[in-house]
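Protein chains: 2
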Amino acid sequence: MKNQKNTQKKIKISIEPIGRRILLEGPTNGLDAILDAGIGIKSVCAGKGTCGKCRILIMDKDRKPPNSQEAKILNKSEIDHGVRLACQQIFDRDLKVYIPASSLSEEQKLQVRGEEIEFDIDPPVNKFHLKLIRASLDDLDSDFDRIRNTLKSEYDISVDRIDIETLKIMPGIIRNNSWDITVSVKDREVISIEPGDKTASSYGLAIDLGTTKIAILLVDMVAGETIDSKGIMNPQISFGEDVMSRLNFSLQDQENQKKIKNIVIERINEATKELCSKNNISSSEILEMTLVGNTAMHHLFLGLPVKQLALAPFVPLTNSPIEIKARDIGIELATGAYIYMPPPIAGFVGSDHLAMILGTGIDSKKGNYLGIDIGTNTEIALVSKGKITSVSTASGPAFEGAHIRHGMRAAPGAIEKVLIDQNTFTAEVQTINDKKPIGICGSGILDAVAELLRTGLIDRRGKFNKDNEYLCQDTKGQVQFVLARSNNDNNKNSGKGGKASEKENPETGGASNAGAMMNMQCCDKDISINQKDIVEIQLAKGAMRTGIEILLENAGISFNDIDGIIIAGAFGSYIDPKNVVNIGMFPKVSLEKISQVGNAAGVGARMMLLSKVERKRSEKIAQDTNYLELTVFPSFTDHFVASMQCPEPEDIVLS
Amino acid sequence: MKNQKNTQKKIKISIEPIGRRILLEGPTNGLDAILDAGIGIKSVCAGKGTCGKCRILIMDKDRKPPNSQEAKILNKSEIDHGVRLACQQIFDRDLKVYIPASSLSEEQKLQVRGEEIEFDIDPPVNKFHLKLIRASLDDLDSDFDRIRNTLKSEYDISVDRIDIETLKIMPGIIRNNSWDITVSVKDREVISIEPGDKTASSYGLAIDLGTTKIAILLVDMVAGETIDSKGIMNPQISFGEDVMSRLNFSLQDQENQKKIKNIVIERINEATKELCSKNNISSSEILEMTLVGNTAMHHLFLGLPVKQLALAPFVPLTNSPIEIKARDIGIELATGAYIYMPPPIAGFVGSDHLAMILGTGIDSKKGNYLGIDIGTNTEIALVSKGKITSVSTASGPAFEGAHIRHGMRAAPGAIEKVLIDQNTFTAEVQTINDKKPIGICGSGILDAVAELLRTGLIDRRGKFNKDNEYLCQDTKGQVQFVLARSNNDNNKNSGKGGKASEKENPETGGASNAGAMMNMQCCDKDISINQKDIVEIQLAKGAMRTGIEILLENAGISFNDIDGIIIAGAFGSYIDPKNVVNIGMFPKVSLEKISQVGNAAGVGARMMLLSKVERKRSEKIAQDTNYLELTVFPSFTDHFVASMQCPEPEDIVLS
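Same order as they appear, the protein sequences are chains G and A. Following this note's numbering, the numbering of the first sequence begins with 37 at its first residue and continues without gaps. Following this note's numbering, the numbering of the second sequence begins with 37 at its first residue and continues without gaps.
Incorrect hints may have been included.
Copies of the same chain look alike in the list, so a pair counts if it works inside one copy or between any two.
What the hints assert, rightly or not - Mimicking BS3-like on lysine-lysine, the simulated pairs with C-alpha atoms at most 27 Å apart in a straight line are:
| hint | residue 1 | residue 2 |
| --- | --- | --- |
| 1 | K297 | K84 |
| 2 | K629 | K561 |
| 3 | K472 | K561 |
| 4 | K648 | K361 |
| 5 | K188 | K652 |
| 6 | K234 | K343 |
Bear in mind the hints are in silico, worked out from the structure with no lab data behind them.
Input sequences plus hints: build the corresponding full structure.
Have a look at this one:
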């Protein structure tokens, strides 16, 4: 079990329009790879290639001819356009694939996984198969002594404790299974007992508890592999969309504190059961869980008081790792299973940020690196001269669709990509799952602002160029730019140019929508972007830019010294890096330097689950990371004012 | 706090008719000393000497004259007879005192304390007073980091964990008390937090959980002193008098298992609260608890399954020490307080036996020593050549009054001492609290059988000498020896001789009773002893004697090689050692070699509470103690048959 290295070939797959780049260990089956990446792709024939539901489009021109099964299922036109069945593909090289909405099985677009870095598998819990000698009047050792002595003699493993609840089920399991059992050991403690030989696999959970989303990874700690994963919404959302409103809810009374804790505990229990049952295991087989999250989520999950988190100077209760029996907070795993929660770094820099640093490995990179996890609060880490400094910027929920007139979450029907034609000033949009547009999600808003700026519809202060005839006014006289008309038809894009129409879309319906301006009037139901929306985005990106500038100033380096920018998080992996630069979230930078790594916090949580060394390393990172409070930094206001501006026209990146 | 030695003078006080010998650290106030020994003596004037309720009789002839307060309260006759007020006495030398029933406040006669041996105070929990620096935007350490850093800088104490429930109350206590707090640390974990400086005292509980009785000691872990103690009945008695019936009750269903656990947990919580409130502390200030008990009590207390304990080969679930958060099993102490339970030695040799070995210190004695804890199961340890071997003998509940026709518990009205006149064959009896006799308790039965044998009323096989005219028959024709007539008068003993009448009894009513045989008839209400009762006692003492004989045979030594016999336990300290020898529980031995030490298990539990070294030593004793299963020993039956016999007349010890 020790010193296993992931030695399989790494393959990068870019998946469009999910906007994801996944790193695979291959060669591997296409269907498995996509499912394994947490993308719900349909298939009802268990990969036999008979149901035809897992159609994908291979974007590369040099694709393999269809195999016999594909030839039966697909028509000639599909084959010519590059449509194949995921289950019949072997992913053995870097590839771009497109998954049509008709092949997607999941409504919710949540990212649960990210790119993984290499590390040795060395889990904190290990299993041992024991054949005990039966007790008799001549051999009166207690049950636990018998286990302890056999562990020592057979495996040279020393234990000195047994979990009390495990102790309760122990005599029954021993005697009902002819004294043939498997025990799980953590830190010299027997934490679980199972009948027979169960050492082939050993299950753990890695959880990234976000304010909005919860990513759950089910991991086999023997193989070091992610078996399955699940993204769910954080049900605390019913008590407040953002962190502060949840803290305030919790502060109202003790009942609320319990409520907001229990709702998330129950939801995680449910989702874990679903995930387990889908994989034919029981949640009582899960031996360890790691959980990362921002400091508020961390405190609320543990039922800790949050008053000091909600008031200046916003200090957490603890910066130490917490290891607690799962049952003690109501999480239902194996009898004696523990939850490990790495330390929060500060009141507004949580253990999810720590997990991101671990999961991206930027802490050990030579040179200067920025690690950014975009969210309601955007945490940014600068690694420079071996020193890690982190800040938290109040970027607000605009990128989650909040405070934006037509803003919405990244759900089907949300405009996620926007392109504005420089000549016609008409917008071409792409929606999630190619559904009829019903709103704009974060990446769409970011695109829209960048495109408005590129095409000169707004100036660098973010103000609409009122002379432009393609702008319109709503019934209240507010200036708008319409992205999609409410009476949009389902026609295909009619060759006006733009990204969506360049794709060979194998779908027959629900395609991308483009709304062109026909007159100066628009109705409330048109999906549009107004001046206030643009200011929200400026505030958001300005906050992030301020954080970056202060980090650079504090470290005494300039942006040109930066060797790489790693954008983590679900949102960060859907956005177009070009437009991130074009709205001025960063100074102008070669796009080569930007990498989008997906849910790095989830990757970090998984590493802490699979490796004692990485767990230890994360605690060291937490200790070594210097938290910088932005608002007390002398040049904060100057930076913030400057950061609100958008780039000069010459700084716009075109591709 | 380290290396404190109990250096006060040790004073032995023998208290009659409670039959107790207590070891005091003195000089000390008489009222405090008696209360401190767990004997409920009345006083309503807080020791001012004005209420006169704590009258005692000083048995020694050279007593001090009354002080001015005593002279006011006591009449001349009382003063001449040696009556004094306990609260006005200073116990500064070895002494015999008598406490009349009118001065006793408690009905229940339970022994909670025992003689103590010397050890260094080195408790597992220590308190530290901290003045924290207030958090600010320039000093953003978390609350716990602040505590951790201050502990390190001020006291060079390293901690790395904080109890989760303590973490929850931490921010409130810190902020409501100007950042001035006291923390309690155990094993690098902060387990409790209190406002201000609370380092002057630190409370712990030591509990001896017996099948019948529970002894609770409230201890100050800073001073190393027992503050108060309380003896209560084990409420599980409602589910079965003896261990086996309780195991069977628990085995019937899961509900029963919970019930039998919860009833004792609740009773301990109640009693702890009473004890605390009496001493003006809160049970939330109790930072640690040690609990010893037989293996069945140990398992039932923890809610462990007991099937394997109730069936051959009777193995416990664990022979390891258990350390568990008190709240996890429902015991209400300080937020993060632990319960430490030392390991049981075997199915029928519990941690109370281990605590007895620790509390008497016989493990480290040079020579050959027997340690005996008499109960329903009597555990006997032989220390010989540095090796400890223990057995458990099924002595049965006869000494607790069960299976004896007129048997009863050691409650007021129980005959506890018996003397039979060699000439008149009349019995003189002494009852608990000098109440009218209503039955016989263990020490009374033992005395009765020994006296019947000494006076020749029974032969050495235990058979009644039917020719003796002082025996009588009940209505069913069964031969009896009457100890007390039902129509007894309340007259004083009329000079027939015997112990009771030799005492200067300061009481006016409810004196000792003597019933002489007048004819061959007796009624069912007479308190008498019959042939079956004698057989029960023979079985009980035979079992113990068998255990001793097999221990000796196994060690290859003879009884003459024994250097000392230590009798522990409540019952063991009330019995007359002479009569123990006279019924043949031991071979004939110089009474000098026998010491009665009271509740040695409670003493051991207290040592484990006050000293990490002693706790460690107890675990070593548990490991090193060799359990000998009597029933598989080849000569078991031979020994048992021989042990049923009573001693030859020449082996009777007269004083």
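How the hints compare with the structure:
| no. | hint | verdict |
| --- | --- | --- |
| 1 | K297 <-> K84 | neither (43 Å within a copy, 56 Å between copies) |
| 2 | K629 <-> K561 | neither (40 Å within a copy, 102 Å between copies) |
| 3 | K472 <-> K561 | within (13 Å within a copy, 98 Å between copies) |
| 4 | K648 <-> K361 | both (18 Å within a copy, 26 Å between copies) |
| 5 | K188 <-> K652 | both (26 Å within a copy, 21 Å between copies) |
| 6 | K234 <-> K343 | between (45 Å within a copy, 26 Å between copies) |
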